[in-house]
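Visitor: Single-letter residue listing:
There are 2 protein chains.
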Amino acid sequence: MKTNRVQVEIITIGDEILIGQIVDTNSAWMATELNKAGFELAQITSVHDDAPHIVESLNMALKRADVVLFTGGIGPTNDDITKQTLSAYFGSKLVFDESVLQNINRLFSSRPGFVMNDLTRAQAMVPDNCTVIQNLVGTAPLTWFEKDGKVIVSMPGVPYEMKQAMSYEIIPRLQSHFKTPVILHKTVQVYGYPESTLALKIADWENELPENISLAYLPNSGIIKLRLSGLSDNLLGLEFSINQQIDKLSQILGNAIVAYEDIPMEQYVGNLLKEQGKMVATAESCTGGNIARSFTSIPGSSEFFKGSIVAYSNEVKTNILQVSPLDLENNGAVSQVVVEQMATGVRRLLKTDVAIATSGIAGPTGGTVEKPVGIVWIAACSEDVMISREFHFGSLREQNILRATQASILMLKEILEYK
Amino acid sequence: MKTNRVQVEIITIGDEILIGQIVDTNSAWMATELNKAGFELAQITSVHDDAPHIVESLNMALKRADVVLFTGGIGPTNDDITKQTLSAYFGSKLVFDESVLQNINRLFSSRPGFVMNDLTRAQAMVPDNCTVIQNLVGTAPLTWFEKDGKVIVSMPGVPYEMKQAMSYEIIPRLQSHFKTPVILHKTVQVYGYPESTLALKIADWENELPENISLAYLPNSGIIKLRLSGLSDNLLGLEFSINQQIDKLSQILGNAIVAYEDIPMEQYVGNLLKEQGKMVATAESCTGGNIARSFTSIPGSSEFFKGSIVAYSNEVKTNILQVSPLDLENNGAVSQVVVEQMATGVRRLLKTDVAIATSGIAGPTGGTVEKPVGIVWIAACSEDVMISREFHFGSLREQNILRATQASILMLKEILEYK
Chain A
1 MKTNRVQVEI ITIGDEILIG QIVDTNSAWM ATELNKAGFE LAQITSVHDD APHIVESLNM
61 ALKRADVVLF TGGIGPTNDD ITKQTLSAYF GSKLVFDESV LQNINRLFSS RPGFVMNDLT
121 RAQAMVPDNC TVIQNLVGTA PLTWFEKDGK VIVSMPGVPY EMKQAMSYEI IPRLQSHFKT
181 PVILHKTVQV YGYPESTLAL KIADWENELP ENISLAYLPN SGIIKLRLSG LSDNLLGLEF
241 SINQQIDKLS QILGNAIVAY EDIPMEQYVG NLLKEQGKMV ATAESCTGGN IARSFTSIPG
301 SSEFFKGSIV AYSNEVKTNI LQVSPLDLEN NGAVSQVVVE QMATGVRRLL KTDVAIATSG
361 IAGPTGGTVE KPVGIVWIAA CSEDVMISRE FHFGSLREQN ILRATQASIL MLKEILEYK
Chain B
1 MKTNRVQVEI ITIGDEILIG QIVDTNSAWM ATELNKAGFE LAQITSVHDD APHIVESLNM
61 ALKRADVVLF TGGIGPTNDD ITKQTLSAYF GSKLVFDESV LQNINRLFSS RPGFVMNDLT
121 RAQAMVPDNC TVIQNLVGTA PLTWFEKDGK VIVSMPGVPY EMKQAMSYEI IPRLQSHFKT
181 PVILHKTVQV YGYPESTLAL KIADWENELP ENISLAYLPN SGIIKLRLSG LSDNLLGLEF
241 SINQQIDKLS QILGNAIVAY EDIPMEQYVG NLLKEQGKMV ATAESCTGGN IARSFTSIPG
301 SSEFFKGSIV AYSNEVKTNI LQVSPLDLEN NGAVSQVVVE QMATGVRRLL KTDVAIATSG
361 IAGPTGGTVE KPVGIVWIAA CSEDVMISRE FHFGSLREQN ILRATQASIL MLKEILEYK
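First to last, the sequence lines map onto chains A and B.
Residue numbering for the first sequence follows this note's numbering, starting at 1 and increasing by one per position.
Residue numbering for the second sequence follows this note's numbering, starting at 1 and increasing by one per position.
Think of the hints as simulated: they come from the structure by calculation, not from any bench.
As the structure is a prediction and not an experimental result, all values here were calculated from the model.
Just so you know, not all the hints are guaranteed correct.
Label-pair restraints from in silico Cβ distances [claimed, not checked]:
| id | chain 1 | residue 1 | chain 2 | residue 2 | range |
| --- | --- | --- | --- | --- | --- |
| 1 | B | P364 | A | D262 | 47 to 57 angstroms |
| 2 | B | H177 | A | K63 | 24 to 34 angstroms |
| 3 | A | D247 | B | A88 | 31 to 41 angstroms |
| 4 | B | V385 | A | G192 | 19 to 29 angstroms |
| 5 | A | S250 | B | S110 | 24 to 34 angstroms |
| 6 | A | Q244 | B | P194 | 48 to 58 angstroms |
| 7 | B | E206 | A | S99 | 31 to 41 angstroms |
| 8 | A | Q84 | B | N4 | 24 to 34 angstroms |
| 9 | A | S250 | B | L136 | 49 to 59 angstroms |
| 10 | A | Q84 | B | S221 | 32 to 42 angstroms |
Okay, derived cross-link-like pairs now, EDC-like style, lysine to aspartate or glutamate, Cα gap no bigger than 20 angstroms in a straight line [to be verified]:
| id | chain 1 | residue 1 | chain 2 | residue 2 |
| --- | --- | --- | --- | --- |
| 11 | A | K201 | B | D384 |
| 12 | B | K36 | A | D15 |
| 13 | B | K63 | A | E383 |
| 14 | B | K278 | B | E195 |
No residue lacks a Cβ here, since even glycine has one placed at the ideal position from N, Cα and C.
If we strip away everything but chain A, and leave its shape as in the complex, we get (with noise of 0.2 angstroms):
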């Protein structure tokens, strides 16, 4: 979907990504950024070190789009040959700069150990029909070229130097070199609904939306995040019109918005109990720690998280969460009875204002015919209110456990909205 935004596109070099041997989490971030600048990034292309297969990429991709981004190749070793690459593309010598130099004097002087080499000497030598940007953390400088009205760029690989050069440097300038539209997004989170069904519900509305107003749908892991996109010269008209056509999705979905933010839910949840100034514990036995590993992930946690019992074993459950051995033995741990007191043992063991509890057959083995493979029963309470409910996730060990987490999740919102 081409819009009137500056395309961009990204062209990561090198094996690594190739070869799996690291994820491509640069482009991801680039990505954002690019968006929230106004920009609309129109292909990613990962490529080997491999000359003749880079500049096609770069054909191609300046056919397409007004700024191509390079990242990666341009270290100090010999299989590194984005520079090379480009400044013959461009029809340019390599010359001797002595500010890159000079920058690389100045990165060395503050790194004991770090001694000037030939190799890194080299980093100085530059095409000579480009603009230089210095590389405040790194020793390969950044190049720029203009062609035919269009910007290439070939910045490092590495994550920080990238990242660095990105934020104060490329985006700026790409800024200020074309003139970007506002932009602005909002997303809603949805609960409870298959994507398809989803679909079907709002199909009118979706159908409805202003021209300058798109609409994805992300899914994951039981929550369908749908995000709003709006282009416009006027930031407060545009906000106006994505927050009613948001209004209008609010009185179709109801309850089954969980969140009017872009926030992963154990954040959105972690807020609400910092809010309420109240402490949540967890008792585990399918789920194994991870609503505990989730809630844990946020800096600043221990506001509002105060710890778990992982009751992996039944005699856990018995020992220490004081779930009652003939309820266990009559119901199975799998079961309403039991996951309730888990949560109202653990709440009571680590004095807390709420708990969650999970108790479920994550799979592959241990399923049976009343229990299959998937059955979670999940408990949220306070002192006043407990809420449990039997979930049927499916057969994969890896999607029950990151399911019944996020239903867990939500339970406690629940409860912490109670009235």
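Dock chain B against chain A, hints included.
Guide: Using the frame of chain A, we list chain B on its own:
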């Protein structure tokens, strides 16, 4: 660098990657698996759900590669157009396929509440000139096209659906289609070396590797996997030759090699526990349940993992784990004495043979001059042996949690192998 291996390209379809909403972990996983199976990944391309752009990418990929793998853009909603685009590209009609509908019905029968609707039913419409491969874990079928000796496959972008499809259908079918040569991989896992130091240490050995054996460095949370890959027509000879190289490597690296196989260390240690008939428990502060989460991600982990006390607050450390309040007061929570008492406490409380405990400052806040962000104390113990160590993992929260988890599991391994 084009070799004589079968050339593969991946084209990912959809907005999520290009707006930075998700990181493209699929391609990294696929790259790893394709490499292991003897294929060479020549390019990864990410494009929007835009028919002309998809077609252009496919045309370019078919010029270079023997196999083009599409992921994504085959959901039931309007923005998903991969199926329609490929159908038009191959001059085919969409026809109803009863077997796909049966597969969807089978999936839905195990998920109460999921009912067939028109969008889902439309998933059973497939191009009439492709091979349909059932998606055993999702509603969108895989489609396999052949053209001029080349193979084009379209599969879901949902990670677990893609992985299931790649592992059990696509890679085996590609191997039999292209009669790929014998490829053999052996992996050793090395702990305790930065990558560049390791590279220097084994440089001579690496330079003398036979021509048909290549080496890849795969760093992950403190462990570096060294993967030796050999190509040959003679499996036995190749295996002998690779083993010979690993023997030499073992003489250079000694105990720094923590495993001679490519499995997650939590699984390796889980196997050790099962062999020795022992149970483990964990007491986690800074890792926040992630060690428990790692163990319980393994099917059948209830045979060796009993449970965990996630003691995020000091109150849980003293009240539940019986850490001495005086020792905690005098030494702080991040200290040798506290982490040892946590390990002893959880071992006694959960009645296990061995235990692990962690306490540290994951960051980004909470650090001091004496105890900076990234400091982690870890203890592992059995009835007779206690090991405790101080680590410094740097300033990034997520990395700290992952590295502390890895280090904890390796310390438990030491306890289990202690003689």
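Visitor: Determine for every hint whether it applies to the structure shown.
Guide: Against the structure, the hints:
no. : hint                                : in the structure
1   : B:P364 / A:D262: 47 to 57 angstroms : 21 angstroms, violated
2   : B:H177 / A:K63: 24 to 34 angstroms  : 33 angstroms, holds
3   : A:D247 / B:A88: 31 to 41 angstroms  : 39 angstroms, holds
4   : B:V385 / A:G192: 19 to 29 angstroms : 50 angstroms, violated
5   : A:S250 / B:S110: 24 to 34 angstroms : 32 angstroms, holds
6   : A:Q244 / B:P194: 48 to 58 angstroms : 55 angstroms, holds
7   : B:E206 / A:S99: 31 to 41 angstroms  : 37 angstroms, holds
8   : A:Q84 / B:N4: 24 to 34 angstroms    : 26 angstroms, holds
9   : A:S250 / B:L136: 49 to 59 angstroms : 37 angstroms, violated
10  : A:Q84 / B:S221: 32 to 42 angstroms  : 35 angstroms, holds
11  : A:K201 / B:D384                     : 63 angstroms, violated
12  : B:K36 / A:D15                       : 15 angstroms, holds
13  : B:K63 / A:E383                      : 66 angstroms, violated
14  : B:K278 / B:E195                     : 34 angstroms, violated
Comparing the model with each numbered hint stated earlier shows that hints 1, 4, 9, 11, 13, 14 do not hold.
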